[in-house]
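Chain by chain, the residues:
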Amino acid sequence: MSVPILKQGDYLIASIQSALSDSEVLELRDDLAERVGQFRARGIVVDVTALDVIDSFAARALRTIGSTAKLRGAETVLVGIQPDVAMAMVQFELDLQPLHTALDLEEGLAVLRRTARGGDDDGP
Amino acid sequence: MNGQKPSLPTPPLETHEIDAELLPKLVAYLRQMSVELREKWVSRISEAQLLGVMSPEEIFSEVKAVYDNYVDALETGSVESLQAYARDLSERIIHRGVETHEVLGIVLLLRDVLARSLFLRYQDDPELLDRILDSYEPAANRIAVTVGVSFVEERERVIREQQAAIRELSTPVLQVRDRLVILPIIGAIDSQRARQLTEQLLNAIQANRAKVVVIDITGVASIDMTVANHLVQTVNAARLMGASAIITGLSSGIAQTLVDLRVDLSTMNTVGDLQGGLEEAERLLGYKVLHSDPAPPDRLA
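For the protein sequence lines, the chains are A and B, in the order given.
Counting in the working numbering, the first sequence runs from -12 upward without gaps.
Counting in the working numbering, the second sequence runs from 79 upward without gaps.
If you're looking for bench data, these hints aren't it; they were derived computationally from the structure.
Just so it is clear, CB atoms sit at the ideal spot from N, CA and C, and this is done for glycine as well.
Worth double-checking, as some hints may not be accurate.
Claimed, not checked - On the chain B side, residues computed to face chain A include the following (Cβ under 10 Å):
#1 R273
#2 L280
#3 N281
#4 R287
#5 K289
#6 Q311
#7 N314
#8 L318
#9 A321
Please take these sequences and the hints and turn them into a complete structure.
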């Protein structure tokens, strides 16, 4: 199941609804990179509320999404990381640079609005 | 010592056949002599300077109860009621700082006092004395062990209860403003507690939609490498959930330790005290606190 990508103003929203296979992760990365150019998006929100595991492969793919999008002029915010997932990620020292993180979709959009204004005061 | 063990079975000491005829004699003698022997015991206790925290009247009344229980246990061979009494007594005296060596010392003194009185009573008949001591010694040893073990078990139970109480009490996550929570940490942190703290904090971030958390460690006396890393992990985990963390109340000693340990604190936002941390948090959240009095008080006073 591929991840639907919604357009909301200047931003793209990708809500991951179930655990993704490795190829689906890569597909999401390529889709997002392409859409950023197509819609001239200035920000991406990736919603992982439904995920109860983020492993090193997924973390790396998410980082790549962030780097790729940045090269094309868009900031990426990861939203909805669950408490257990956050604990596990810091224990395994999974790094999410250069992604921003926020509590939920609403907060994520707020972060994008702030960073799009020019200030980068919410960086990870 | 592993506190989870169930209470020990009655210690399997020597099992001399207790002489069916001698024991009632022995018990009757000890009952008859009880006043004298109790006094002797009390004077030995004060000579040995045991139970300094208790008044002489208290010691006397406890001594009476212990003595009666002791003789009962000798008579019936069952230590259960003595065990229950010892637990009850331990519960009362543990909080007053009575130590294990005192309890053991007292019980052994009683054993000696009784043995000596038996010796005096039967010294003219060495053979009878020998048989009397044969019945008396194993029972007396068993009683001593029972009392000692009861005391130690009771103390371990109290310690466990206190630990649990401290764990529960000391980890509140408090919301002080919309989207701002504080986590005051008091007391020692070990790995288990650090994990519990992180878990509570992350859940509170989600429940309160917190954007800023202030972690105050004024009440933490010392810190080591493991705990410091836990702190860093907590801050990182909070950030993954979209909340920025501010650490406050690092004492100069802790700051020195962290530098000596070369803990990487570059990702941490630290402020001197809780007040400063709250002000910083308000700034991050865009709050501005205004004094209702147009002429603000001199803050430097």
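**Study point:** Restraint satisfaction for B/A321 [CB to CB of chain A, less than 10 Å]
**Key:** 7 Å, holds
Point to revise | Restraint satisfaction for B/N314 [CB to CB of chain A, less than 10 Å] | key: 5 Å, holds
Review point. Would the stated hint for B/L280 survive a check requiring a Cβ distance to chain A of less than 10 Å?
Key: 3 Å, holds
Review point. Are B/R273 and chain A close enough, Cβ to Cβ, to be under 10 Å, as the hint says?
Key: 8 Å, holds
Point to revise | Satisfaction of the B/Q311 interface hint, Cβ to chain A closer than 10 Å | key: 4 Å, holds
Exercise for review: Tell me if B/N281 is really an interface residue toward chain A, meaning its C-beta lies closer than 10 Å to one of theirs.
Suggested key: 5 Å, holds
Review point. Regarding the hint that B/K289 lies at the interface with chain A, is the smallest CB-CB distance below 10 Å?
Key: 7 Å, holds
Review point. Taking 10 Å as the limit, does the beta-carbon of B/R287 come near enough to a beta-carbon in chain A?
Key: Given a least distance of 6 Å, the restraint on B/R287 holds.
Check your understanding: Under the criterion of a CB-CB separation shorter than 10 Å, is B/L318 in contact with chain A as hinted?
Key -> With a minimum Cβ separation of about 4 Å from chain A (threshold 10 Å), the hint on B/L318 holds.
In terms of the numbered hints stated before, the structure departs from none.
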